[in-house]
Amino acid sequence: MPDALLRVDHLTKRFGGLTATNDLSLEVRTGELHAVIGPNGAGKTTLISQLFGELAPNAGTIHFAGEDITALSTAARVRRGLARSFQITQLLFDYSALDNVALAVQAHLGHSYHFWADARSDRALTEPALLGLARVGLEGRAHVAVKEMSHGEQKQLELAIALATRPRLLLLDEPMAGLGTTECAATIDLLRKLKQETTILLVEHDMDAVFALADRISVLVDGQCITTGTGEEVRNNETVRIAYLGEGNV
Amino acid sequence: MARTEAAAGVNPGARRILLLRGAGLVVLAVVLLLLPMTANAIGDPALITLATRMIIYAIAAASLNLILGYGGLVSFGHAAYFGVGGYVVGILYFHFAADDLFLGFIPGSNQFLITLFAAMVVSGLAALVLGALSLRTTGLQFIMITLAFAQMVFFLFVSLKVYGGDDGLIVRRRNLLFGLNMANDTTFYFVCVTIAALYFAVFWRLVGSRFGLVLGGIRQNERRLAAIGISTYRYKLVAFVIAGIGAGIAGALMANFSKFVSPDMLHWSRSGELMIMVILGGGATLFGPAIGAVILVGLETVLTGWTEHWQFILGPILILIALFTRGGVLTLLENRRAPDA
Ligand SMILES: Nc1ncnc2c1ncn2[C@@H]1O[C@H](COP(=O)(O)OP(=O)(O)OP(=O)(O)O)[C@@H](O)[C@H]1O
Ligand SMILES: [Mg+2]
Chain G
1 MPDALLRVDH LTKRFGGLTA TNDLSLEVRT GELHAVIGPN GAGKTTLISQ
51 LFGELAPNAG TIHFAGEDIT ALSTAARVRR GLARSFQITQ LLFDYSALDN
101 VALAVQAHLG HSYHFWADAR SDRALTEPAL LGLARVGLEG RAHVAVKEMS
151 HGEQKQLELA IALATRPRLL LLDEPMAGLG TTECAATIDL LRKLKQETTI
201 LLVEHDMDAV FALADRISVL VDGQCITTGT GEEVRNNETV RIAYLGEGNV
Chain Z
1001 MARTEAAAGV NPGARRILLL RGAGLVVLAV VLLLLPMTAN AIGDPALITL
1051 ATRMIIYAIA AASLNLILGY GGLVSFGHAA YFGVGGYVVG ILYFHFAADD
1101 LFLGFIPGSN QFLITLFAAM VVSGLAALVL GALSLRTTGL QFIMITLAFA
1151 QMVFFLFVSL KVYGGDDGLI VRRRNLLFGL NMANDTTFYF VCVTIAALYF
1201 AVFWRLVGSR FGLVLGGIRQ NERRLAAIGI STYRYKLVAF VIAGIGAGIA
1251 GALMANFSKF VSPDMLHWSR SGELMIMVIL GGGATLFGPA IGAVILVGLE
1301 TVLTGWTEHW QFILGPILIL IALFTRGGVL TLLENRRAPD A
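Going down the list, the sequences are from chains G and Z. Be aware that the first sequence starts at 1, since it is given in this note's numbering, and climbs by one per residue. Be aware that the second sequence starts at 1001, since it is given in this note's numbering, and climbs by one per residue.
Since the hints were derived computationally from the structure, they do not count as laboratory data. C-beta: ideal position from N, C-alpha, C; glycine also. Please note: incorrect hints may appear among the correct ones.
[Unchecked claim] Derived SDA-like pairs (lysine to any residue); straight-line CA-CA distance at most 20 Å: (1) Z/Lys1161 x Z/Lys1259; (2) Z/Lys1259 x Z/Asn1110; (3) G/Lys195 x G/Ile226; (4) Z/Lys1259 x Z/Leu1177; (5) G/Lys147 x Z/Ala1118; (6) Z/Lys1259 x Z/Ala1118; (7) G/Lys147 x Z/Thr1186; (8) G/Lys195 x G/Leu72; (9) Z/Lys1259 x Z/Ala1014; (10) Z/Lys1259 x Z/Leu1323; (11) G/Lys195 x G/Thr165; (12) G/Lys195 x G/Ala209; (13) G/Lys147 x Z/Leu1177; (14) G/Lys147 x Z/Arg1223; (15) Z/Lys1259 x Z/Phe1312; (16) G/Lys147 x Z/Gln1220; (17) G/Lys147 x Z/Asn1221; (18) G/Lys147 x Z/Ile1242; (19) Z/Lys1259 x Z/Gln1141.
[Said to hold, decoys possible] Partial selection, computed: residues in chain G whose CB lies under 10 Å from chain Z: (20) Ala71; (21) Ala75; (22) Ala76; (23) Ala83; (24) Ala102; (25) Val105; (26) Ala107; (27) His111; (28) Asp122; (29) Val221.
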């Protein structure tokens, strides 16, 4: 199908005896914000890690923009336009927030075999990086070392870094988890804007955010996608009610 | 929006540190310049050769710091490249003196610039080959494999009876450079100071460059680098080669300085000493390893004068220093926690 930016077919991932992804098929359409919800341990992070090339599936294929990327490295997928944010932040903690984003800008510009010129005063890196920080509301914290930043700020920084590579598909793993109410609202606002620019796969436990933002929602339970549909459809789905929503998660 | 200061990437609090560092550099230059005169004036010319050894080890330790401190790659075989650099000088001199050809087609040499360049090339190539293999592993495996490769190089030179085997090789005269009197220890000291100055200048540019930024990122979180599209293996390999070249420079200087090379230069304990210098002075800092080299060479010299069991005293001293400084001695001087990169 031409309008599927990402297509996952019969994906399976086993950890020993545990099947974390179980014959999972899924489609993300160009331009949509596709939410993936499911109880703890449903396999959401495992799915994202496979989409991003950090975990190799045991079976199944992943197509991105029509190309089979199942065997590609993470770096190669990023070059094709994928980006992810991490549920457990993966940042360069000794570096400043600006360094973190500037390095992503640098990676996006191409190779980094420049051995002489000072990278930290290179406007080709710092200017886009500062704009990126401003987008997530961190412009005032550019020179703060990441390890000195609050959890919420680190989450926002994750977003800014992912955006700096100008992705065609953004994989977000619980960007709202652990945020305060104001930060949460700001992130929802930002995602609403980002929706206009890029395709997003959003894993999130915050159901208000999910129903407010998502064009379509897939429900994951025990590694399987039990249904995909609009917010309305998912809310009214009998299986979902029993398997997930009914368990008091809403 | 972007303030000009921020856009230029200048940390608001950094100006004071920059000034302090500038002042520190001036003091360092003056000390290095006046050292030979002072040593002769106080009737202790041995200080000049001691300082020369410190400077040579400072280069060697700094080269290891590029991968160990900045890149977080715990290479336990760095003395191999130091030794290879030394042996290049030794072997080229051997064939120069015998007036024959190395491997049947390479003439010997006693020209400093030629042997130094050859040492850089050969050490770099050795690092390229061994690095390409060992960088496929990580963690403890990487430590063991770099050690194993270094031991292989060590035994290679032990078994080369032509070049003295265990006993090593004597370089009867120091290499020639621009008609300088290299036999004079003060002259040779200034040659080493000049090369060290150039080396540290290049090193400083390198770690602040785009490449340096990637290298520091590799130490902090490789997964993050992959996630922004950087394949880390090649960057690690390039860093490994640059580090090997640096050790080769130091080895070539050491061969000229002591007019002698032997497998002892490549012994694993030498690799350990270089690691101690980096950690002692402070990894991922420009001058930390140099300070570590000064301390370690200095302590060894003082303690060997006291007792033959000097290692039993050195150990506890090193542990105490490590305990009280944590991030290395340099952190005490600059009173900061974060490394440069
Ligand atoms: N590397 C691993 N080795 C073994 N088991 C794993 C590994 N990673 C995940 N699992 C298991 O796979 C299952 C799915 O984990 P996953 O992290 O994908 O869930 P999740 O849906 O993201 O949960 P949460 O909402 O808590 O983030 C869990 O049972 C987890 O314990
Ligand atoms: Mg998860």
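Here is what the structure says about each hint:
| no. | hint | result |
| --- | --- | --- |
| 1 | Z/Lys1161 x Z/Lys1259 | holds (19 Å) |
| 2 | Z/Lys1259 x Z/Asn1110 | holds (12 Å) |
| 3 | G/Lys195 x G/Ile226 | violated (25 Å) |
| 4 | Z/Lys1259 x Z/Leu1177 | holds (15 Å) |
| 5 | G/Lys147 x Z/Ala1118 | violated (44 Å) |
| 6 | Z/Lys1259 x Z/Ala1118 | holds (17 Å) |
| 7 | G/Lys147 x Z/Thr1186 | violated (47 Å) |
| 8 | G/Lys195 x G/Leu72 | violated (26 Å) |
| 9 | Z/Lys1259 x Z/Ala1014 | violated (44 Å) |
| 10 | Z/Lys1259 x Z/Leu1323 | violated (38 Å) |
| 11 | G/Lys195 x G/Thr165 | holds (16 Å) |
| 12 | G/Lys195 x G/Ala209 | holds (13 Å) |
| 13 | G/Lys147 x Z/Leu1177 | violated (50 Å) |
| 14 | G/Lys147 x Z/Arg1223 | holds (17 Å) |
| 15 | Z/Lys1259 x Z/Phe1312 | violated (29 Å) |
| 16 | G/Lys147 x Z/Gln1220 | holds (11 Å) |
| 17 | G/Lys147 x Z/Asn1221 | holds (13 Å) |
| 18 | G/Lys147 x Z/Ile1242 | violated (30 Å) |
| 19 | Z/Lys1259 x Z/Gln1141 | violated (36 Å) |
| 20 | Ala71 | violated (15 Å) |
| 21 | Ala75 | holds (4 Å) |
| 22 | Ala76 | holds (8 Å) |
| 23 | Ala83 | holds (8 Å) |
| 24 | Ala102 | holds (8 Å) |
| 25 | Val105 | holds (9 Å) |
| 26 | Ala107 | holds (4 Å) |
| 27 | His111 | holds (9 Å) |
| 28 | Asp122 | holds (7 Å) |
| 29 | Val221 | violated (27 Å) |
Hint compliance for this structure: hints 3, 5, 7, 8, 9, 10, 13, 15, 18, 19, 20 and 29 are broken, all remaining hints hold.
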